[in-house]
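**Student:** In this text, residue positions in the sequence shown follow numbering that gives the first Met the number 0: the first is 0, and each later residue adds one.
Since no wrong hints were added, every one of them can be taken at face value.
Derived Cβ-Cβ restraints for the label pairs, each shown as a range:
no., residue 1, residue 2, range
1, 48, 5, 37 to 47 Å
2, 80, 48, 12 to 22 Å
3, 2, 43, 45 to 55 Å
4, 2, 46, 40 to 50 Å
5, 31, 2, 37 to 47 Å
6, 127, 48, 28 to 38 Å
7, 2, 44, 42 to 52 Å
8, 4, 49, 35 to 45 Å
9, 2, 36, 47 to 57 Å
10, 49, 8, 30 to 40 Å
11, 7, 47, 35 to 45 Å
Derived by calculation from the structure, the hints in this document are not laboratory data. Here a beta-carbon is modelled for each residue, glycine too, at the ideal position from N, C-alpha and C.
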Amino acid sequence: MNTNLSPYGLLLMRIALGVVLLSHSLYLKMVVFTLAGTANYFDSIGLPGWFAYVVFFVEAIAGISLIIGFKTRLSAALVVPILLGATWAHSGNGWLFTAENGGWEYPLFLSFIAAAVALTGPGAYALESNKLSLVDELSPAKALSNH
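Please build the complete structure, drawing on both the sequences and the hints.
**Tutor:** Written out as structure tokens, the structure is:
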């Protein structure tokens, strides 16, 4: 009996990070604040407004990639500087994310999660994984070998 559950822990961490990034990109930046509003906010804190569009795109693509387990380490590594930038952007609001305009605890936490995923890889059921690969599980050869 295999008692190593680490691949499943990594799976949960990878998918959770992907869902958070995708929701921050699509819902927060497109619906709540709008891309133009996010660009204006970037301008107000000294960042070029066009960078909001880059952040939106990277968060969306990285979120999808993390959820499906494709280019996991690269995707997680690409969002670390974005999340550290979000930590910086919220640094004047206090520690707790429940503070007015959001504190810096949550983006810092996500920065560490992204770094951990970048270092450890995808875990179970990832398109790129050699171990417990979703592609292998769904392959015709696997299906035929079970009969």
